[in-house]
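A.B. asks: Sequence:
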Amino acid sequence: MTVLSPRAMQKAGQYTALVDILFATIGIFVIVFALQELDPQVDLVPAPYDKVLICGADRVLRLYDTGAADPVSFSPREIASDLQDRLQAGGRVLVGLSAECMIDAGDGVVLVDRLRDMERQLTEREADAASSLLLIEFAPLARDGEADLLERFGAPPEER
Numbered sequence: 767m768t769v770l771s772p773r774a775m776q777k778a779g780q781y782t783a784l785v786d787i788l789f790a791t792i793g794i795f796v797i798v799f800a801l802q803e804l805d806p807q808v809d810l811v812p813a814p815y816d817k818v819l820i821c822g823a824d825r826v827l828r829l830y831d832t833g834a835a836d837p838v839s840f841s842p843r844e845i846a847s848d849l850q851d852r853l854q855a856g857g858r859v860l861v862g863l864s865a866e867c868m869i870d871a872g873d874g875v876v877l878v879d880r881l882r883d884m885e886r887q888l889t890e891r892e893a894d895a896a897s898s899l900l901l902i903e904f905a906p907l908a909r910d911g912e913a914d915l916l917e918r919f920g921a922p923p924e925e926r
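Heads up, the sequence shown is in this note's numbering, so the first residue is 767 and it goes up one at a time.
Honestly, the hints are just simulated from the structure, not real lab data. Just so you know, nobody snuck in bad clues.
Label-pair ranges, simulated between beta-carbon atoms:
hint, residue 1, residue 2, range
1, I869, Q802, 50 to 58 Å
2, D851, D879, 14 to 22 Å
3, E903, A790, 46 to 54 Å
4, M868, Q802, 46 to 54 Å
5, R918, R882, 19 to 27 Å
6, V798, A913, 44 to 52 Å
7, L804, S839, 44 to 52 Å
8, P906, Q850, 19 to 27 Å
9, A834, D883, 22 to 30 Å
By construction, the Cβ of each residue, glycine as well, lies at the ideal position given by its N, Cα and C atoms.
Just need the whole structure built from these sequences, with the hints factored in.
C.D. replies: Structure, rendered in structure tokens:
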């Protein structure tokens, strides 16, 4: 039988505290990971829009509002004042633009430029308690994509 001297026993027990801490840490991680419940994957839902502004192939702007029964139409010349007044209240607005709205039709009116200028004027104002912020999202509109966009927005079929 071998008898260890006190010095040898002290040297052999030098790392026991470190080993205890290591095993305790590993044990905690095992318990935490074993008891974790993974959330099931959820399909993302697009954010709801308050208004949808569509510029179709006819270059006429139509504003669909969640509270209005019929869309309001605007010609390219009158979008500066009347449309700006309607969007002043704020909210989320989706602007669907066809290819015809992004080019000059010979009358010097490029609708995208006017809408972008109007967006700058409306979004650079200070928000107060009476008005909410205006968030405008521009999206290209595919050919015959107006009906799909209105279906996503939730407009009744008679408005399409």
